[in-house]
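*Asks:* Spelled out from the first residue to the last, the chains are:
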Amino acid sequence: MKRNLLLLALIGILLAPMVANNYMIRLATIMMLYCVLALSWNFIGGLTGYPSFATAAFFGLGAYAGAVCQGQGVPMYLAWILGALMAAIFATGLGLAILRLRGHYFAIASLVVADVLREIVNSTTNLTGGGMGFNLPILKLEVDAQAKLFYYLMFVLALLTVATAVLVDRHRLGFGLRCIKQNEDAANMIGVNATIYKTVAFILSAVFVGWAGAFYASWVNYIEPGDVFDVLYSVKPIVMVLLGRAGTISGPIIGAIVFLLMEELVWRNFLTFHAGVLGLIVVALILYLPDGVLALNFRRLVAWRKNG
Amino acid sequence: MLYLQILVNGIVLGGLYACIAVGFSLVWGVLNVINILHGTFIVIGSYTAYFAYIKLGIHPLLSIPIAAAILFLLAYAFQSGMINKVVAAPVLTTLTLTFGLDLFVNNLLIVAFKADYRKVILEHPLGVLTLAGITIPEDKLAAMGLALLLTGLLFWVLDASRVGRAIVAVRMDREAAALMGVKVKKIYALTFAIGGVMAGAAGSLISLIYPISPLNSLPFLGKAFVICVLGGLGSVPGAMLGGLTLGVLESFGALAFGPEHAVTLSFITLILFLLFRPTGIMGKRGYE
Amino acid sequence: MKPILRLEDVTRQFGGLLALNEVSFNLQPGEIVGLIGPNGAGKTTLVNMVTAVYSLTRGKIFFDGKRIDGMKSHEISRMGVARTFQVVQPFPKMTVLENVAAGALFAAGAKSLAEAKERAMDHLRFVGLADFAASSASALNLADRKRLELAKSLAMNPKLLLLDEVNSGLNNAEINRALELIRSLLKRGITILIIEHLMKVVLSLCSRVIVLHHGQLIADGEPSAVVRDPRVIEAYLGSRYAKQQKEKSRE
Chain A
14 MKRNLLLLAL IGILLAPMVA NNYMIRLATI MMLYCVLALS WNFIGGLTGY PSFATAAFFG
74 LGAYAGAVCQ GQGVPMYLAW ILGALMAAIF ATGLGLAILR LRGHYFAIAS LVVADVLREI
134 VNSTTNLTGG GMGFNLPILK LEVDAQAKLF YYLMFVLALL TVATAVLVDR HRLGFGLRCI
194 KQNEDAANMI GVNATIYKTV AFILSAVFVG WAGAFYASWV NYIEPGDVFD VLYSVKPIVM
254 VLLGRAGTIS GPIIGAIVFL LMEELVWRNF LTFHAGVLGL IVVALILYLP DGVLALNFRR
314 LVAWRKNG
Chain B
0 MLYLQILVNG IVLGGLYACI AVGFSLVWGV LNVINILHGT FIVIGSYTAY FAYIKLGIHP
60 LLSIPIAAAI LFLLAYAFQS GMINKVVAAP VLTTLTLTFG LDLFVNNLLI VAFKADYRKV
120 ILEHPLGVLT LAGITIPEDK LAAMGLALLL TGLLFWVLDA SRVGRAIVAV RMDREAAALM
180 GVKVKKIYAL TFAIGGVMAG AAGSLISLIY PISPLNSLPF LGKAFVICVL GGLGSVPGAM
240 LGGLTLGVLE SFGALAFGPE HAVTLSFITL ILFLLFRPTG IMGKRGYE
Chain C
3 MKPILRLEDV TRQFGGLLAL NEVSFNLQPG EIVGLIGPNG AGKTTLVNMV TAVYSLTRGK
63 IFFDGKRIDG MKSHEISRMG VARTFQVVQP FPKMTVLENV AAGALFAAGA KSLAEAKERA
123 MDHLRFVGLA DFAASSASAL NLADRKRLEL AKSLAMNPKL LLLDEVNSGL NNAEINRALE
183 LIRSLLKRGI TILIIEHLMK VVLSLCSRVI VLHHGQLIAD GEPSAVVRDP RVIEAYLGSR
243 YAKQQKEKSR E
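Chains as they are written, first to last, in our numbering: chain A, 14 to 321; chain B, 0 to 287; chain C, 3 to 253.
Mixed in with the good hints, there may be bad ones.
Keeping only pairs whose Cα atoms sit at most 25 Å apart, straight-line, the calculated BS3-like set for lysine-lysine is [said to hold, decoys possible]: (1) C:189 with B:84; (2) C:161 with C:4; (3) C:95 with C:113; (4) C:189 with C:161; (5) C:189 with C:202; (6) B:185 with A:194; (7) C:119 with A:194; (8) C:74 with A:194; (9) C:113 with C:161; (10) C:119 with C:95; (11) C:68 with C:4; (12) A:194 with C:62; (13) B:185 with B:84; (14) C:62 with C:74; (15) A:194 with C:95; (16) C:119 with C:68; (17) C:62 with C:161; (18) C:189 with C:4.
Interface residues of chain A toward chain C, partial, derived using beta-carbon atoms under 7 Å [as the list claims (entries may be wrong)]: (19) 205; (20) 282; (21) 285.
Hint data in this document are derived by calculation from the structure and do not stem from the laboratory. The beta carbon of each residue, even a glycine, is placed where N, CA and C say it ideally should be.
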């Protein structure tokens, strides 16, 4: 039953652009992006228990790596892979430095990284355009086709991320990460090479995000440091995963979908107060729904509404 | 001579930095909560000073009590209303909560006051002090002096008053303190409020020097964090030491690499300390 | 016979405190040796040093002829050293079976989680926890948690087992059961170093006893001889009592 539903959903996703308008396609592309971000954060945050706020750093790095490469004449497809690679390499180095920190120290160190990268990009004006932003070469595709192209690209990336998540979950890496999350000292004692496992999780949390960043740059054609290194790109995936359930695969996906729906509603009604309402949602989530939406017992909710 | 000037600049800046960080450090040390709102609290303090000057003609250095009062109430309300519920929760929870609160409050500030940078331009600026070839703007000097005074006041309160000793006790050992009759929840709320007060006061002082905007909240927070790591958590002398160190470092760093790289410089310092000396310059968990 | 564990002048300093002071001893394969001493003597610190929780200030540690000080905990575990913790350290959100399977998977070289779980069931049956396989580890009572610790360690296929106060908090019946389990481990050829407070356990199980006091090794020998050693008596009961004993034996 489940597999048939999944198949149906996949077919629906593949055929959707035929019937949808460009606005819907754009929305769906963002949903795929959110799935990638949420699932990626889940590797280091949900599975391993290390509260990483570095997603924005990886996203921006991938965006700028891809953009600058394209600006230098590298073909688009190659530039995207380079963006992903740069994010992965950066995560390896950064991980070596900060993964030995625990708790608050790790969180804040990861948070500051995006700001540092933003500052570096701002000052290397010759390469990146600095604060004035970077214009990517225009694609020789008409608008509708472009919209569909990036929709499918993001979809494939999302599929790749899901596949990786499933693989990790079934492989001893996933098991080991869960051990680390629950008791890192005991995990070390039992033979888990925590250092390597954590680093792999951190790299996984970066590579698809960097790739998505590179896609994003080509998709929107113009990026600037404040945009792609925005701290919200670090906070939103966390909220999505908390909305769903950390550590699972469907959790982040459901969380991403719910989050996008909420965000659309908020955008339409509270343009200037967008971040503020997001903040309120986060607060409500932490205080009243600590186990996420998936933990809600829907049958009980329905019964409670019927009786009340 | 140039180096001496840079050093003095750094020390003056450092005194202010100590005031910025001490409230943050106290909250982190006692509640084990990283208060993302701290930067926004500072900005609120700055706005209070700004409007007090514009509308009421009160000199920013004198509007400290007003800012302090506002922030005391605000912080106390936040803590007893919301943050108290997650004090024992894992890092991710508390961090995300204060993050969400900060998003909300910061956005409110942007809507209310716009993101444009404002500056307090004094009608009668205090002038410049020149000593042995070194120039120090008097308003900055006064700000630094007051900052040190306030920080010293906090130290005295923690050291000499009953409430202060209770706060230190909770920081050392929450359960033991509770067993001795300390109302831990109240202490938490009070400590958080004190953190807010120091932030507000720092904000008032800062309004003379830095441009005021809600966008400045995260950079202030970043500085506070670096200072905590440099100086050790939860101790006033630590915050002072960390603040002075950062001030001097930034001063010389600006000379060597240009002021645009301030964040990178402090981040590298941060990483180096976290890797090689996480207990800070003093090398011990500063319990005063 | 080559010793399976050899400590040479092992020293550990924590700031001003000298927790271990030039401790040297050997463990022969198949022995069961008791490690006793008053509180704070450094017994757990010693185990922590062997398993690389702490690094050495000075000295050398050899396992199976190879130098292991300087290696990381997980490497040492994979070489065949397992330990239990005085305060039990399970993976609280996993089942009992998964807890034990972790040991089999990461230290004992099981090729898959499925194989690890099979092996884990065997170990659970050995310690008598088979019925709890699907329960959450955090739902067990203290005695069962201690057995879980033991099963986890066994799943790692250790050549050397370091037991840290496995009997604290257990009642008499539980202790006797634990003793039986430990005896049957010897039949498997596992060398055991057991930290214990209960003299009856030490006297009935151990072929040899090592005594630590203020980080120094003050006795190493047969149990019955060690308990009469004046230095040991002085360490446990104080110098005045030891003097009294001396004077008594002169009369």
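*Asks:* Does the alpha-carbon distance linking residue 74 (chain C) and residue 194 (chain A) stay inside the 25 Å limit?
*Replies:* Given that 25 Å is the threshold and the Cα spacing comes to 19 Å, the pair holds.
*Asks:* Decide if the proposed pair is consistent with the structure: residue 119 (chain C) and residue 194 (chain A), CA atoms, cutoff 25 Å inclusive.
*Replies:* holds, 20 Å
*Asks:* Is the hinted pair residue 189 (chain C) and residue 202 (chain C) satisfied, with a Cα-Cα distance of at most 25 Å?
*Replies:* Since the Cα atoms of residue 189 (chain C) and residue 202 (chain C) sit roughly 21 Å apart, the hinted pair holds (cutoff 25 Å).
*Asks:* Are the Cα positions of residue 189 (chain C) and residue 84 (chain B) separated by 25 Å at most?
*Replies:* violated, 54 Å
*Asks:* Take the C-alpha atoms of residue 185 (chain B) and residue 194 (chain A), compute the straight-line distance between them, and say whether it is at most 25 Å.
*Replies:* violated, 32 Å
*Asks:* Hint validation: residue 205 (chain A) versus chain C, beta carbon distance must be below 7 Å. Holds or violated?
*Replies:* Since chain C brings a Cβ to about 5 Å from residue 205 (chain A), closer than 7 Å, the hint holds.
*Asks:* Assess, step by step, whether the Cα of residue 68 (chain C) is no farther than 25 Å from the Cα of residue 4 (chain C), and give holds or violated.
*Replies:* With Cα atoms ~11 Å apart, residue 68 (chain C) and residue 4 (chain C) stay inside 25 Å; holds.
*Asks:* Is the hinted pair residue 95 (chain C) and residue 113 (chain C) satisfied, with a Cα-Cα distance of at most 25 Å?
*Replies:* Holds, at roughly 23 Å.
*Asks:* Residue 62 (chain C) and residue 74 (chain C): Cα distance at most 25 Å?
*Replies:* Judged against 25 Å, a Cα distance of about 15 Å means the pair holds.
*Asks:* Against chain C, run the beta carbon of residue 285 (chain A) and see if the smallest gap drops under 7 Å.
*Replies:* violated, 42 Å
*Asks:* Between residue 62 (chain C) and residue 161 (chain C), does the CA-CA distance stay at or below 25 Å?
*Replies:* Holds, at roughly 19 Å.
*Asks:* Mind checking the alpha carbons of residue 161 (chain C) and residue 4 (chain C) for me, to see if they're no more than 25 Å apart?
*Replies:* holds, 14 Å
Checked against the numbered hints listed earlier, the structure breaks hints 1, 6, 12, 16, 20 and 21; every other hint is satisfied.
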